[in-house]
Amino acid sequence: MSPQNGHGMTLAEKVLARTSGAERVVPGEIVEGAVDLAMMHEQGAQTVAPFHQMGATEVWDPDRVVIAIDHWVPASTEGAAVLHRILRKFAAETHLPHFYDVGQHGICHQILAENGWVVPGDLAVGTDSHTNMLGAMGAVAAGIGPTEMAAVLALGRLWLKVPSTIQIRVRGTLGRGVTAKDLVLRILGEIKTTGATYKAIEYTGPTIAALSMPERFTICNMTTEMGAKCGMVAPDAKTYAYLDGISKHAMHPLQPDADAVYDRVIDVDVDGMPPMVACPYSPDNVRALPDVVREHVKVDQVFLGSCTNARIEDLREGAALMKGQKVASGVRFIVSPASTKIYEQCLKEGIIETFTEAGAVFTNSSCSACFGGNMGILAPDEVCASSSNRNFPGRMGAKEARIYLLSPAATVAAAIRGELADPRDFM
Amino acid sequence: MEDIIEGRVWTLGRDVDTDQIISGKYLTIIDPNELKKHVFEIALPEFAAQARTGDILIADENFGSGSSREHAPQAMRAIGVAAVVADSFARIFFRNAINLGLPAIEVRGVRAIFETGDVARIEMRRGTVTNLRTGASVPFPPLPPHLMRLLEAGGLVEKVRQELEARKASPGASP
Numbered sequence: 001m002s003p004q005n006g007h008g009m010t011l012a013e014k015v016l017a018r019t020s021g022a023e024r025v026v027p028g029e030i031v032e033g034a035v036d037l038a039m040m041h042e043q044g045a046q047t048v049a050p051f052h053q054m055g056a057t058e059v060w061d062p063d064r065v066v067i068a069i070d071h072w073v074p075a076s077t078e079g080a081a082v083l084h085r086i087l088r089k090f091a092a093e094t095h096l097p098h099f100y101d102v103g104q105h106g107i108c109h110q111i112l113a114e115n116g117w118v119v120p121g122d123l124a125v126g127t128d129s130h131t132n133m134l135g136a137m138g139a140v141a142a143g144i145g146p147t148e149m150a151a152v153l154a155l156g157r158l159w160l161k162v163p164s165t166i167q168i169r170v171r172g173t174l175g176r177g178v179t180a181k182d183l184v185l186r187i188l189g190e191i192k193t194t195g196a197t198y199k200a201i202e203y204t205g206p207t208i209a210a211l212s213m214p215e216r217f218t219i220c221n222m223t224t225e226m227g228a229k230c231g232m233v234a235p236d237a238k239t240y241a242y243l244d245g246i247s248k249h250a251m252h253p254l255q256p257d258a259d260a261v262y263d264r265v266i267d268v269d270v271d272g273m274p275p276m277v278a279c280p281y282s283p284d285n286v287r288a289l290p291d292v293v294r295e296h297v298k299v300d301q302v303f304l305g306s307c308t309n310a311r312i313e314d315l316r317e318g319a320a321l322m323k324g325q326k327v328a329s330g331v332r333f334i335v336s337p338a339s340t341k342i343y344e345q346c347l348k349e350g351i352i353e354t355f356t357e358a359g360a361v362f363t364n365s366s367c368s369a370c371f372g373g374n375m376g377i378l379a380p381d382e383v384c385a386s387s388s389n390r391n392f393p394g395r396m397g398a399k400e401a402r403i404y405l406l407s408p409a410a411t412v413a414a415a416i417r418g419e420l421a422d423p424r425d426f427m
Numbered sequence: 428m429e430d431i432i433e434g435r436v437w438t439l440g441r442d443v444d445t446d447q448i449i450s451g452k453y454l455t456i457i458d459p460n461e462l463k464k465h466v467f468e469i470a471l472p473e474f475a476a477q478a479r480t481g482d483i484l485i486a487d488e489n490f491g492s493g494s495s496r497e498h499a500p501q502a503m504r505a506i507g508v509a510a511v512v513a514d515s516f517a518r519i520f521f522r523n524a525i526n527l528g529l530p531a532i533e534v535r536g537v538r539a540i541f542e543t544g545d546v547a548r549i550e551m552r553r554g555t556v557t558n559l560r561t562g563a564s565v566p567f568p569p570l571p572p573h574l575m576r577l578l579e580a581g582g583l584v585e586k587v588r589q590e591l592e593a594r595k596a597s598p599g600a601s602p
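Those sequence lines, one after another, are chains A and B. The first sequence begins at 1 in this note's numbering and counts up one residue at a time. The second sequence begins at 428 in this note's numbering and counts up one residue at a time.
Watch out, some of these pointers could steer you wrong.
Below, in silico cross-link-like pairs of lysine-lysine (DSSO-like), each with a Cα-Cα straight-line distance of 30 Å or less [as the list claims (entries may be wrong)]:
no., chain 1, residue 1, chain 2, residue 2
1, A, K161, B, K464
2, B, K452, A, K399
3, A, K192, A, K399
Okay, the calculated bits of chain B under chain A, using three or more residues with CB under 8 Å as the criterion [claimed, not checked]:
no., region
4, 474 to 482
5, 486 to 492
6, 521 to 530
7, 578 to 585
8, 588 to 596
Simulated from the structure, these hints should not be mistaken for lab results. For every residue, glycine included, the Cβ atom is placed at its ideal position computed from N, Cα and C.
Next up, chain A with everything else stripped away, as it sits in the complex (with noise of 0.2 Å):
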């Protein structure tokens, strides 16, 4: 299965062969990749000008390109507005099909996994940091600058330096309680920001095998907090039915091989394991919740929601948690499903009514508090209990202000006492 020289390829550099149409490649080298999808936010509208400056007039692959609206969904300022203008108006200048507006709309990732957007093989690109969740259908997905986007949506590729790989072998059984989210925050402790930056992550392992789909979504999602060009899970079994009957193009079903060469091989055990917070003001600064539990932390605002957390599965489960209680005094609780559809099964199995009633403020889907430009934004010295994926200093709002990144039960055990508290509490 190795050719020439010994030894086989990891997961990235499989995919970054074929899309490059090379027979291996090797980690450094510079490749130009076919790209399979390209995704928009309204970044996108920044996009424009530089593709009218290059002299193009038509985009490469109109069936290849998506744009999903979802920072400000609907515009919450003129600015915002006027973005979303100039995405709809190039969107149907040049004739791209595939624009999920208002109505339709959702958080660009979701979008792209739960339409099949995004399929194992595929090089896909995204005007966003976070479009590295779509590594977990066993693709390279990488977030690009909307000038770059541009180069894309023009020539419809673009050139990549093949990363070495690192490998992350979980094993271990998740507790009660305990989540990928937490698995996640786990080894970005251990890792660090700066532990996988231009690099590949190939999750692996018995417990990897175990996670649905959402919960690959969750950790492939973070990897971007570790640095790392993409965050993948090779395809099995569970990819192909979540992407039985949706999947918009032909997948390249690419394996690691057996012999492949990693940059280092780090062996996670969960077995044990804790809840897990990521404390202010980095993603990495990463504690077990039980000690930060201890030191009683006011919280002022709770949010549930995010590319990273505000699945179905996600709001479920907080929901069992918050059913027949309240939200604590003088917390604010905000609850952003991940995409239009969510929004809709939420409804319809009484999710919404359960935090309504609890006191919580159940939005539209949008990115809604996680990034500070929007909504449920932080004052000076205000502590927030956050789903999310970032707790930068002025991330949601004030420089000042602390964030907390954790599971979604979590988040509600935290919104039920008003401090940072453990969920098994509550289960």
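Assemble chain B onto chain A, guided by the hints.
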């Protein structure tokens, strides 16, 4: 892009993420001349008022981590930053900067030899950064030819424009 870049230095710490360069509340601004008023508002609040064309930023590890927002290098370019040098960069920021024609140069150990107000001299092809006040100098591997060509063209827009023109001039040639 000039082979030799000299300028007044501003230093920054490690993990300066894109929220600290241009925070989320400014992401609906697309005019670089508006954006530049808010550049480094969190990481270096005095910068926007005091920056001069040709200034050089010198940062520690993991500069530009976080989001894919091109607003960050765009605002830096608009305010006149000539180059950004760091012990290491986050990958999307690095690509965005080079694509916009803003030299982003990874130099291990560079932060340690500079203080704000020093003057830096960067020799792109030779691969050295020198502190002209102290004489201290650090070597770096020059950018790969692919990226040098991108910077020399003035950024990705110009490079693709040339490619598309060449394609029009000889239709049928393989891309």
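Comparing the hints with the structure gives:
1. Among the hinted pairs, K161(A) with K464(B) is inconsistent with the structure: their alpha-carbon atoms are about 34 Å apart, more than 30 Å.
2. A hinted pair counts as satisfied when its Cα atoms are at most 30 Å apart, and K452(B) with K399(A) qualifies at roughly 12 Å.
3. Between K192(A) and K399(A) the alpha-carbon distance is near 22 Å, which keeps this suggested pair within the 30 Å criterion.
4. Restraint check on the region 474 to 482 of chain B versus chain A: 0 residues with Cβ-Cβ distances below 8 Å, three needed, restraint violated.
5. Residue count for the region 486 to 492 of chain B with a Cβ under 8 Å from a Cβ of chain A: 3. That meets the three needed, and the coverage hint holds.
6. With 4 residues bearing a CB less than 8 Å from a CB of chain A, the region 521 to 530 of chain B meets the requirement of three and the coverage assertion stands.
7. Coverage of the region 578 to 585 of chain B by chain A holds. Counting CB-CB distances below 8 Å, 3 residues qualify, and the rule asks for three or more.
8. Residues of the region 588 to 596 of chain B with a Cβ under 8 Å from some Cβ of chain A number 4, which satisfies the need for three, so the listed coverage holds.
This entry does not satisfy hints 1, 4, going by the numbered hints stated previously.
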